[in-house]
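K.L.:
Whenever a hint applies, use it, and build me the whole structure from the sequences.
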Amino acid sequence: MILRTLLADPMLRMLVGAILLAAFLPASGAGRDIAQTIADVAIFILFLLNGMRIARRDMLAGFANWRFFLPLIAWVFGAMALFGLGANFAARDLVPPLIATGFLYLGVLPSTVQSATSYSTLGGGSVALSVIAAALLNILGVFVSVPLFLALGGSGEGAIGAGAIGKILLVLILPFAIGQIVQTRTTAFIAKHKPKIVWMDRLVIAIAVYVAFSGAVTQGIWTRVGPGDWAAIVALVAAMLALAHGGAWLTGGALSLARPDRVSFLFAGAQKSAAIGVPLAAVLFPPAMAGFIVVPLLLYHLFQLVLAAPLSIRLARHPDAAGYSE
Numbered sequence: 001m002i003l004r005t006l007l008a009d010p011m012l013r014m015l016v017g018a019i020l021l022a023a024f025l026p027a028s029g030a031g032r033d034i035a036q037t038i039a040d041v042a043i044f045i046l047f048l049l050n051g052m053r054i055a056r057r058d059m060l061a062g063f064a065n066w067r068f069f070l071p072l073i074a075w076v077f078g079a080m081a082l083f084g085l086g087a088n089f090a091a092r093d094l095v096p097p098l099i100a101t102g103f104l105y106l107g108v109l110p111s112t113v114q115s116a117t118s119y120s121t122l123g124g125g126s127v128a129l130s131v132i133a134a135a136l137l138n139i140l141g142v143f144v145s146v147p148l149f150l151a152l153g154g155s156g157e158g159a160i161g162a163g164a165i166g167k168i169l170l171v172l173i174l175p176f177a178i179g180q181i182v183q184t185r186t187t188a189f190i191a192k193h194k195p196k197i198v199w200m201d202r203l204v205i206a207i208a209v210y211v212a213f214s215g216a217v218t219q220g221i222w223t224r225v226g227p228g229d230w231a232a233i234v235a236l237v238a239a240m241l242a243l244a245h246g247g248a249w250l251t252g253g254a255l256s257l258a259r260p261d262r263v264s265f266l267f268a269g270a271q272k273s274a275a276i277g278v279p280l281a282a283v284l285f286p287p288a289m290a291g292f293i294v295v296p297l298l299l300y301h302l303f304q305l306v307l308a309a310p311l312s313i314r315l316a317r318h319p320d321a322a323g324y325s326e
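Taking the numbering used here, I'd label the letters of the sequence shown as residues 1 to 326.
By construction, these hints were calculated from the structure, which means they are not laboratory data. Incorrect hints may appear among the rest.
The calculated lysine to aspartate or glutamate pairs, modelled on DMTMM-like cross-linking and capped at a C-alpha distance of 25 Å, are [to be verified]:
| # | residue 1 | residue 2 |
| --- | --- | --- |
| 1 | Lys167 | Asp33 |
| 2 | Lys196 | Asp40 |
| 3 | Lys194 | Asp40 |
| 4 | Lys167 | Asp201 |
P.N.:
Given below as structure tokens:
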């Protein structure tokens, strides 16, 4: 039942397909350079589209509701980053160094957009807050995640050089800024082609996963990461997931948020974005590194989908849930 539910998600099917393709037919040699160029162009287009469709008014609305959004930002880029740092330390003697770095990388990423919004709505959360939170956190993530990663010690095996920072400016921030500038002129285009743009998102992420995981395969991930390593990775990802959801829910309660707002805080605060994380890793790190670093993120993305569906159903049954009915 759980497997059927997961495979019904088009994004998950594409991620699984990209990983399987990389496992059996990895890009290597000259082919890897071509695949990386294709990925860079696709990521540029993705962030250009993001700039076009994330409304500036949503940002302004987010900053206006400071009682909700300031604690949410502190949770996502503060508490979750510290959870990632803790998992990084715990993993150092258990798994390959690049995968340990991946836990820190996971911790500094923003929330999902579509998934957090959808499950918050299903769970009786505030639709408006969920949409604005998704937009705000993802915009901040483009600018905050890398400096935070570096500040918390994202170096050594996962070192980021000046070239990578320049690439972030060119491939991520520049197209996003262009999209924001032309946004008022592209509203009708975005609305008309929304279904195609959603599929474009998924395709870009799948391409980035393929390139990153190809690098890991050519570097011998199947021989360098044994069964004991995988068990440790799964346990640490599960622990981060439990801390993320339990902590976000308790924080919402401590803030005395109304239940719909608290549900929105839970999903926005606990989920992590593969849509930002995988393309960003493809820009930040060489494929040989990126494939290992995104392993915790890909597993976390899978686990959060496993948890989100039954959790949202349970939350929706509460009498104070938005839209609740007997």
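K.L.:
If a hint holds in the structure, say so; if it doesn't, say that too.
P.N.:
Each hint, compared with the structure:
no.: 1; hint: Lys167 x Asp33; verdict: holds (15 Å)
no.: 2; hint: Lys196 x Asp40; verdict: holds (20 Å)
no.: 3; hint: Lys194 x Asp40; verdict: holds (22 Å)
no.: 4; hint: Lys167 x Asp201; verdict: holds (20 Å)
The structure is consistent with each of the numbered hints, conforming to all of them.
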